[in-house]
Amino acid sequence: MDQFISLAHGDGGELSHRLIKEVFIEAFGDGNSALFDAASVDIPIGKIAVTTDSFVIKPIFFPGGSIGKLAVAGTVNDLAVSGAKPIYLTCGFVIEEGFSISELKKIVSDMASEARRTGVSIVAGDTKVVERGSADGVYINTTGIGIYEPNKGCSLEFEEGDAIIVSGTIGDHGIAVLAARGELGISSPVNSDCASLNTMLAEVLNSTSGVRIMRDPTRGGLATTLVEIAEDFHLTMKINELDLPVKEEVHGVCDLLGFDPLYLANEGKAILIVADQEKEKVIDILREFSEGQDAVVIGSIMGKRKGQLLLETPLGSKRLLTRLSGTMFPRIC
Amino acid sequence: MLEILKQSNNPEVCKPLVEAVIEKAKEFQRKFGRMPAFMEVCGSHTMSLARTGVKPCLKDEVNLISGPGCPVCVTDQRSIDAMIALAEGENRIICTFGDMMRVPGSNKTLLDSKIAGKDIRVLYSPVDAVKVAEDNPDKQVIFLGVGFETTIPILTLMVGEAEKRGIENFSIWMTTKLVEPVLRYLLDAGEVHLDGFLLPGHVSIVLGEESYQYLVDEYHISGVITGFETAELLFGIYKSIDLALKEETAIINNHPSIVSKTGNQVIQQWMDQYLIKCDEAWRGIGVIPNSGLDLKPEYDKYNAKKRFTVEVGEPRKTKCRCGEVIRGLITPNECPLFGKACNPMKPIGPCMVSAEGSCAAFYQYMRESF
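First to last, the protein sequences are chains A and B. Under our numbering, the first residue of the first sequence carries the number 373, and numbering increases by one thereafter. Under our numbering, the first residue of the second sequence carries the number 391, and numbering increases by one thereafter.
Some hints here could point you the wrong way.
[To be verified] Ranges between beta-carbon positions, derived for each pair:
#1 B:719 x A:660: 57 to 65 Å
#2 A:660 x B:757: 36 to 44 Å
#3 A:676 x B:468: 44 to 52 Å
#4 A:676 x B:603: 42 to 50 Å
#5 B:478 x A:379: 31 to 39 Å
#6 B:515 x A:659: 34 to 42 Å
#7 B:526 x A:412: 50 to 58 Å
#8 A:649 x B:413: 52 to 60 Å
#9 B:400 x A:374: 26 to 34 Å
#10 A:659 x B:423: 33 to 41 Å
Since the hints were made in silico from the structure, they are not lab data. Beta carbons: idealized from backbone N, C-alpha and C, even for Gly.
Take these sequences, add in the hints, and give me the full structure.
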């Protein structure tokens, strides 16, 4: 095997064949699916969920994960928070000429192990190689297919007093990636929270019918995700600043740069809105899993119609939270 | 340190302080028949007061007026146009603090230029600009030197670093501002009535407590040097009302463990070594003599204004009232553009963009549509 990706790895010939066989099939371990132009898979009868996402991240390897782990966990989580059980993934790679094969193998290995851990099969894929300078290392697209199990899902029927739960500390991924870029001039002890949440969330859905909605607060962070829910379902929601779980290290970097943890990306957190009487039960279930050990109630639904998210400050005043407006940039002083 | 900060934001500590401030303010109102009015000079104070909820809690009792202490907001429109034009030149790398990227010039922003392909880099650590120059010897690397006394020392550090490494392709576009001249301008103009200033902790680390004595001696007005955490802000406001109530004037150092009487001598020496006072244009004010610092002539080779010629026309006029906001004459929502034509996604003026801008603070934290 060569050391670096060349344009010939993407031309469909011998090198492409060897790349697919020795890197992808070797790791994903489903050679039969690769015998045809399309994967032939079994789908249980019923309603399916389909989602797709593209992963572009710098750096490709960061504390707590890699673009490979992210490409699986991100799509698995999109299915899981929709209430579906993830079963199949496809993946498309865009690789820059000159990319190291050993790094590619590591990324693919991360994908394979995360897929095994979550119980999904990677059944189809595609590889394209672009000229040096046309891409930034490697980009991955994953498409996920999941199934909805009868009578287990989110009701989308909200009531005043419903509890808003977050499954753990916010902003870890955003700060871990910023620090890993080496531009902050600091070494952050924070790891990305990048993780698949399907097993944990399936357990919640198995145990209660009180879940109204689940979302994963990725780009735009917790605030943007909650604003979207508030607007989409015409709800007035309130979260309490004091209850927000934020690691001290994340607070520290945010204070330094003028960032707000409410708007930092997360890659292994879920927001759940649940019936008030079910909140303790849901928290208990979440805390049984390592990904949910810091789960807490952060607020509640105050009423319907308005479509807005409020934050109660420690002093008791309220303020309106809006979507992230543009990229967060570090401030001057 | 973290424990101290936690205490400083602890509601059990802060809520009684709010009550105490309100009580003191009511006492002031009974005595003088009006709310006490203080200006927070610094944009970081403005943001902190809004974000922590202090400002909304006190809005009916204390008039807290945002001052001209946000470095982006006070940057003159022509100067912003010049920096954007500078970035349009060939074979250049522009390095900047993030705040500047979305500030609108007359026709575009630095972000627009970056999207159009210009090499414009946001740095987290400004001294990295020298490294960028070292790594790109065939390009001219220009750092946009915007800031007050907190940032200026870093600029001198950058010049020192470039000198030490013998780097020739590095320069700074200096457009720095000083606190004292603008406070004198505001007090001389007499447009805004104040009972005192909340003075910024970080600027005071550089300048020292005694540097504000002119406020007392010449203008008979008080200043309280205050940190940025909730309890510190509340305590600063409490002290300010107390002084005004007693009709005393003084400079109170509410940050004594960090701010000394004479400031940081080492930093002041750096500044003396590299910098000389110059006239600077302020948004909404115009040129204030000796209100900025430029590189001394012996450092001309690091002075981008000496190395590059930039021509800009008359700035485009808008209905933006940032100039009056920074002078404390109007609150952000009194501007006809606020929240309508001007919002964080489509800002018209810098006060809506900057991480320390009054309009951004008001938009993010103090709109009351609920």
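Here is how each hint holds up against the structure:
no.	hint	verdict
1	B:719 x A:660: 57 to 65 Å	holds, 58 Å
2	A:660 x B:757: 36 to 44 Å	holds, 41 Å
3	A:676 x B:468: 44 to 52 Å	holds, 50 Å
4	A:676 x B:603: 42 to 50 Å	violated, 58 Å
5	B:478 x A:379: 31 to 39 Å	holds, 35 Å
6	B:515 x A:659: 34 to 42 Å	holds, 39 Å
7	B:526 x A:412: 50 to 58 Å	holds, 53 Å
8	A:649 x B:413: 52 to 60 Å	violated, 42 Å
9	B:400 x A:374: 26 to 34 Å	violated, 60 Å
10	A:659 x B:423: 33 to 41 Å	violated, 57 Å
Hint check: violations occur at hints 4, 8, 9, 10; the rest are consistent with the structure.
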